[in-house]
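Protein chains in written order, with the numbering used here: chain A, 1 to 111; chain B, 1 to 114.
Worth flagging that the hints you see were computed from the coordinates, not collected in a lab. Note that this is a predicted model, so its numbers are computed, not measured. Heads up, the beta-carbon is just placed ideally off N, CA and C, and yes, glycines get one too. Misleading hints may appear alongside valid ones.
[Said to hold, decoys possible] Some chain B residues near chain A, calculated using beta-carbon distances under 7 Å:
id	residue
1	Gly42
2	Leu43
3	Leu45
4	Tyr48
5	Phe105
6	Ser107
7	Gly108
[Stated by the list, open to error] When the alpha-carbon atoms are kept at most 30 Å apart in a straight line, the in silico BS3-like pairs for lysine-lysine are as follows:
id	chain 1	residue 1	chain 2	residue 2
8	A	Lys70	B	Lys102
9	B	Lys68	A	Lys73
10	A	Lys70	A	Lys55
11	B	Lys102	A	Lys78
12	B	Lys78	B	Lys68
13	B	Lys68	B	Lys102
[Said to hold, decoys possible] Quick partial rundown of chain A residues pointing at chain B, CB under 10 Å, derived from the structure:
id	residue
14	Val19
15	Phe35
16	Tyr37
17	Gln39
18	Gln44
19	Ile46
20	Leu47
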Amino acid sequence: AQTVTQSQPEMSVQEAETVTLSCTYDTSESDYYLFWYKQPPSRQMILVIRQEAYKQQNATENRFSVNFQKAAKSFSLKISDSQLGDAAMYFCASGAQKLVFGQGTRLTINP
Amino acid sequence: DAGVIQSPRHEVTEMGQEVTLRCKPISGHNSLFWYRQTMMRGLELLIYFNNNVPIDDSGMPEDRFSAKMPNASFSTLKIQPSEPRDSAVYFCASSWGAANEKLFFGSGTQLSVL
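Excised from the complex, chain B in its bound form:
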């Protein structure tokens, strides 16, 4: 298995633009998590899905952020409009079951909003 695949690896955009981050979880995993990592705030859970259904989105910072999981093999995190303070590394992770099982992380997307 190729592991959790995220794209793009790097994204540079201008303030106000729409940004879409993509994630393909490991086949067979039924839980998917989106995390954001910054120096100031560390790793923050944004949202997680179980069986493609959003379970907890309390970490989504504001309405500019949205996440979808249309099927078991694909998820997106969208920021519209983007702002400089959104600059961070965004990780997707998947697991079989809840997070108390082993989380497999993707390589992350480094987002820079100018």
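Pulled out of the complex, with its shape left as it was, chain A reads as follows:
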């Protein structure tokens, strides 16, 4: 069975600083994908970034980047130049045909 673990229930960071959210996963699939989703108070789930497991290059989307360590089954999210609008729950997810989500990390941005 697939599992995704986010060991940090809550994180906080000063505005304009950098923060890293951790995620580890376990899967028996050889071809899979990894995602970070953001859920603001509006409840809407929004895709932040996507990584194909067969690619060694780490995905980047503007201020968001990942550190993908396949052997360690680790997939952390780095947010640079944190903004107040980044405050949300962040979910890590893994899968191919279907996604399994972690328990989430609540990120607070301090002005």
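Use these hints to put chain B onto chain A, whose structure you have.
Coordinates of chain B only, in the frame set by chain A:
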């Protein structure tokens, strides 16, 4: 495109009543997923469809839950009879292809069973 549309946004019902949640996926998407979100269990996949056919319903908690997708533009999740422990936010999501493509989520239905 209006995105994935779920209705109702909120539902309050009494234990024992039948509840039907509705979802309209994005036009052209051929995969549809139902997730349940609770504080205790996080986001759980209940069932997913591909080309209107249920592929994996292993996450459906029990026989009280059923899901249908009669056509490419509509799906329902039904709970009969409902129980207080069913209280949660239920999300519908759709994608073109499998979940390894981008999942588009609806706004969710907040269900409260009293």
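Hints, verified against the model:
| no. | hint | result |
| --- | --- | --- |
| 1 | Gly42 | holds, 5 Å |
| 2 | Leu43 | holds, 4 Å |
| 3 | Leu45 | holds, 6 Å |
| 4 | Tyr48 | holds, 6 Å |
| 5 | Phe105 | holds, 4 Å |
| 6 | Ser107 | holds, 6 Å |
| 7 | Gly108 | holds, 5 Å |
| 8 | A:Lys70 <-> B:Lys102 | holds, 21 Å |
| 9 | B:Lys68 <-> A:Lys73 | violated, 35 Å |
| 10 | A:Lys70 <-> A:Lys55 | holds, 10 Å |
| 11 | B:Lys102 <-> A:Lys78 | holds, 20 Å |
| 12 | B:Lys78 <-> B:Lys68 | holds, 8 Å |
| 13 | B:Lys68 <-> B:Lys102 | holds, 22 Å |
| 14 | Val19 | violated, 21 Å |
| 15 | Phe35 | holds, 8 Å |
| 16 | Tyr37 | holds, 8 Å |
| 17 | Gln39 | holds, 9 Å |
| 18 | Gln44 | holds, 6 Å |
| 19 | Ile46 | holds, 8 Å |
| 20 | Leu47 | holds, 5 Å |
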